[in-house]
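Peer 1: Sequence:
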Amino acid sequence: MDWIQELKELYYKELERRDHISEKMTSSITFLTFICTGHMFIWSKMVELDFIISFFPLLFLTTEIVSVGFTIMAFYYFFRTYFRVDYSVIPTLELIEKIADNLQNDDYTNNEIENANKKMLSGTIRNCISDNVEINNKRERAQYRMNIGLSVSFCSLVFVYAIWIFVINIFTF
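Numbering (full-length UniProt numbering), first residue to last: 1 to 173.
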């Protein structure tokens, strides 16, 4: 039964990897909330200004639109990372006993039953592991893209805020 133990260890490593990916969710939500709040602040200040067609207000508006686009991209990858994810599970003991009972009813020897169980278990566990590895890889790629979107959106939001302060100083004084 050493081979089953090794397969179970691989399975549980993938579950730990899944939990590690899910733990990063709080920082992602914090950054998304901060960025959305920043966008609301910037848009409220944009409404207060009387925009004159010149370089800085247009740069302000263009950069804000780019930042909103990257924020939407980050939301998209956030939902791809944390929702609609179905992991494969190891078969339960009842299923294994049911298969063994069916094999015993068909007059197989104990050795044949044990070999059939080994084959079924190793195949099923390997399929579960490969499915979970694939799902975790997809989640990590989506999380990486989400982090890129958050970074670009945050940087452009800071840039927009700096432009806003500059525009306020030029047009109000």
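Don't read these hints as lab results, they were simulated from the structure.
Where a beta carbon is used, it is the ideal one built from N, C-alpha and C, also for glycine.
Incorrect hints may have been included.
No farther apart than 27 Å at their CA atoms in a straight line, the calculated lysine-lysine pairs in the DSS-like style are these [claimed, not checked]: (1) 13 / 24; (2) 119 / 98; (3) 118 / 98; (4) 24 / 8; (5) 8 / 119; (6) 98 / 8; (7) 138 / 24; (8) 119 / 13; (9) 119 / 24; (10) 119 / 45.
Label pairs and their in silico Cβ distance ranges [as the list claims (entries may be wrong)]: (11) 62 / 141: 26 to 32 Å; (12) 76 / 43: 35 to 41 Å; (13) 165 / 15: 46 to 52 Å; (14) 13 / 144: 16 to 22 Å; (15) 168 / 137: 43 to 49 Å; (16) 112 / 140: 39 to 45 Å; (17) 16 / 45: 42 to 48 Å; (18) 117 / 18: 47 to 53 Å; (19) 6 / 44: 19 to 25 Å; (20) 69 / 18: 25 to 31 Å; (21) 37 / 13: 36 to 42 Å; (22) 119 / 33: 22 to 28 Å; (23) 10 / 66: 39 to 45 Å.
Peer 1: Looking back at the numbered hints, which does the structure fail to meet, lowest number first?
Peer 2: 9, 10, 12, 18, 19 and 22
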